[in-house]
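Colleague: Listed here are the chains, written in short residue letters.
2 protein chains.
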Amino acid sequence: MSERKLILYISMSLDGFIATKDDDISWLSIVEHTGENYGYTKFTETVDTYIIGRKTYEVVLKLTNGKFPQAERFKCYVLSRQKRKDENGITFYNGKVEDLIQKIKKEKGKNIYCDGGGQIVKLLMEKNLIDEYIISIMPIVLGDGKRLFLGGTERFTLQAKAAEVYKSGLIQLRYTREEMSGLVDDLTQPE
Amino acid sequence: MSERKLILYISMSLDGFIATKDDDISWLSIVEHTGENYGYTKFTETVDTYIIGRKTYEVVLKLTNGKFPQAERFKCYVLSRQKRKDENGITFYNGKVEDLIQKIKKEKGKNIYCDGGGQIVKLLMEKNLIDEYIISIMPIVLGDGKRLFLGGTERFTLQAKAAEVYKSGLIQLRYTREEMSGLVDDLTQPE
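Line order of the protein sequences matches chains A and B. Mapping to my numbering: the first sequence position 167 is 167, numbers consecutive. Mapping to my numbering: the second sequence position 111 is 111, numbers consecutive.
Take the hints with a grain of salt, since some may be wrong.
Unchecked claim - Pairs of lysine-lysine, BS3-like flavour, derived with a Cα cap of 30 Å:
| hint | chain 1 | residue 1 | chain 2 | residue 2 |
| --- | --- | --- | --- | --- |
| 1 | A | Lys167 | B | Lys161 |
| 2 | B | Lys122 | A | Lys21 |
| 3 | B | Lys110 | B | Lys62 |
| 4 | B | Lys127 | A | Lys21 |
| 5 | B | Lys110 | A | Lys161 |
Simulated from the structure, these hints should not be mistaken for lab results.
Using the sequences and the accompanying hints, generate a full structural model.
Modeller: Structure below.
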């Protein structure tokens, strides 16, 4: 059986923002079309565990009137700096993220879905824990907001797997961890 | 005859950087392969005019030992806040960028190639002057550096035209100005 993978599945504007400064994500609706969910259904069938940062969790909670919809489908972890009592079917976790991922991967199950935001992505990239990146680029320049990639991490290379242009203008990119990851100088590129 | 278009043709890392903080762009070489220039030759055949920001111009000059190679092929403009005497076959321009683009577009010729950096891109986006975006996403997370999209601009939508995945991992995205550009709420998406 192949190892469970940690997959970042997220949308950003062409200029790299996942939300406005005041956490508005209503602009994502520009690609909303009946019958098109950009592979999300298929993707969610491959995962059973969900991790999200505490701030992003609270943004979602506000939008969903205090109910956390993902908890009905997945085992959910919220990464938080503070210790916090579980709520809404969610487990709060304030330990080392690499220990959590290792623990989940040791258990049997499907893949792990990471939904952001920027701080948890930075943390996971720093520990080289993301196995796949599925990034949907929205056909919009937001101009300002909260960035997916906060900066301040180490350099690493990726393997590009696919890019799909949808009618709505959404372009979905897929990358996997570069097996020969490390410094660019060390990289021998397969042809 | 169709109007001359202003085309941003640029590379960035997946995390949105066009150079390191100290202007290193040697990491771009991870996609260098004999016989593959990602459509650059074809693209340059469609342009005869080149504009670049003053800071980026100086970065290029340092790399090319004081000679500016683009000046041999194109009519080159460097946008600068200061008045400056022309050099290396380059015209320095410190007026309003919209006046420059209007002037060039009134003259007969091919398309206009914009090569960055972040500040000129921001200026051109603010004035809604970019007709096409050809953005090559390098298969690398740089972690830090100078961003292509600096933020602080207005929101606008784009039309996604194409995405091509190359063997090296470079993914080239193409967008055009959204003809119904403006607020997202005004957007009626063609199906």
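Colleague: Against this structure, judge whether each hint is valid.
Modeller: Evaluation of the provided hints:
1. A:Lys167 - B:Lys161: holds (9 Å)
2. B:Lys122 - A:Lys21: holds (18 Å)
3. B:Lys110 - B:Lys62: holds (28 Å)
4. B:Lys127 - A:Lys21: This hinted pair holds, its Cα atoms lying about 23 Å apart.
5. B:Lys110 - A:Lys161: violated (35 Å)
Violation of the numbered hints given earlier is confined to hint 5; every other hint is satisfied by the structure.
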